[in-house]
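Make the full structure from the sequences, and use the hints.
Residue numbers (my numbering): 23 to 368.
None of these hints come from the bench; they were simulated from the model. A quick note: this is a predicted structure, and the numbers were derived from the prediction, not measured. Hints should not be assumed to be uniformly reliable.
The calculated lysine-lysine pairs, modelled on DSS-like cross-linking and capped at a C-alpha distance of 30 Å, are [said to hold, decoys possible]:
no.	residue 1	residue 2
1	LYS109	LYS364
2	LYS114	LYS364
3	LYS114	LYS147
4	LYS147	LYS109
5	LYS42	LYS27
6	LYS74	LYS42
7	LYS192	LYS225
8	LYS42	LYS109
9	LYS364	LYS347
10	LYS272	LYS147
11	LYS27	LYS114
12	LYS40	LYS74
13	LYS364	LYS147
Estimated spans, in silico, between C-beta atoms of each pair [said to hold, decoys possible]:
no.	residue 1	residue 2	range
14	LEU46	ASP100	17 to 27 Å
15	LYS225	GLU257	22 to 32 Å
16	ALA215	LEU336	20 to 30 Å
17	SER138	ILE39	20 to 30 Å
18	ILE39	ALA111	21 to 31 Å
19	LEU361	GLU257	30 to 40 Å
20	ASP100	LYS40	14 to 24 Å
21	PHE247	ASN53	17 to 27 Å
C-beta: ideal position from N, C-alpha, C; glycine also.
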Amino acid sequence: MSSNKNIRVTWFIPEQIKTKIRRLLGLSAINPNLVLPSVWIRGLQVASYLEKLNFEISFNTLDPHPDISIFLRRYDADDFKLMQRLKQAGTKIIVDVVANYFQTRESSPEGYGGASRRLVHNFVKLLEVADQVWTVSPYLREQAVQVNSESYFVSDSVDPVHFDSGRFSKSQASGPMVLGWSGAAEKASELNALSPILVDLIKLNQIRVLVVTRRRPELRFDFEFRHWDHDTFPEMISQCDICIAPRRVKNEYDLGHSLFKIGVFMSMGVPAIAGPVPSYSLLLEDGQAGAICHSIDDWYMHMHHFIEDDTARLSAGGMAREKMKPYLTPLIAAQVTGLLQKILGN
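Here's what the structure looks like:
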């Protein structure tokens, strides 16, 4: 750890006006509720562990001058100019890739995903001059390495201190099984693909569906809405029996998703049933901690199996914890430490 002392690492991240004001006033600007999910997962959360390893961490500042700068969700023309100034001053540059911005929106066969032509152009320019590129998924690493050979898969992670199921007691009252989903409100519509199954199970009082997001979505079945909050999110997960995560896999944007959506549930012992996103398959393809579904028939079969077979569900929950151990934040912070030392030639 002592070898990390005095290594200055600065993240450049998007921030709200209120957060910027707090930072400029010298107040704490570290608030997961005020940033994009990928920023707290890959920035704030990892940074807290790097500080324990003696790195000097800051956000959106050039004072002190950084040894290493990480651009996270900052990919436009102004960011490229900032990157050039930093490189000229001797700073090593990392671009953290959290979504598939290699593809323009116009070239997406399904009409969604990707980015504007201007953003794609600037994004690729950043990758070309970066000293390292990190990606949220192996799939995106395959895309990035075609632009920059120093590209690495650095998974999203789950903080085992914050997401500790031992802090909570699950209700022992008999009643319907709780199926949990969390994510961006606009992505909740993907749950509607399961509505034929969910409606019947809800009518039979076999399940309740808990949807955790930042605003209430419109869905075709009855559900319980909980407003996402970083402090209370672990307690919400602890009340779930099964995580459900249907996702479209129709274009290159879909293929690039990280494992966090299911991983955060699995880390707390909740088995997951999910769509065939490559990152989800890292955890579920062998069927020990849940299941990957390729069709509505798969969803019907696996949901009924885990709802009706307590032994199978509890066993899968135990395996879910095991599967997530390599993706806990202390281990990802150790990987990041190695990459930071490599970039400095240590």
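Please list, smallest to largest, the hint numbers that this structure does not respect.
none
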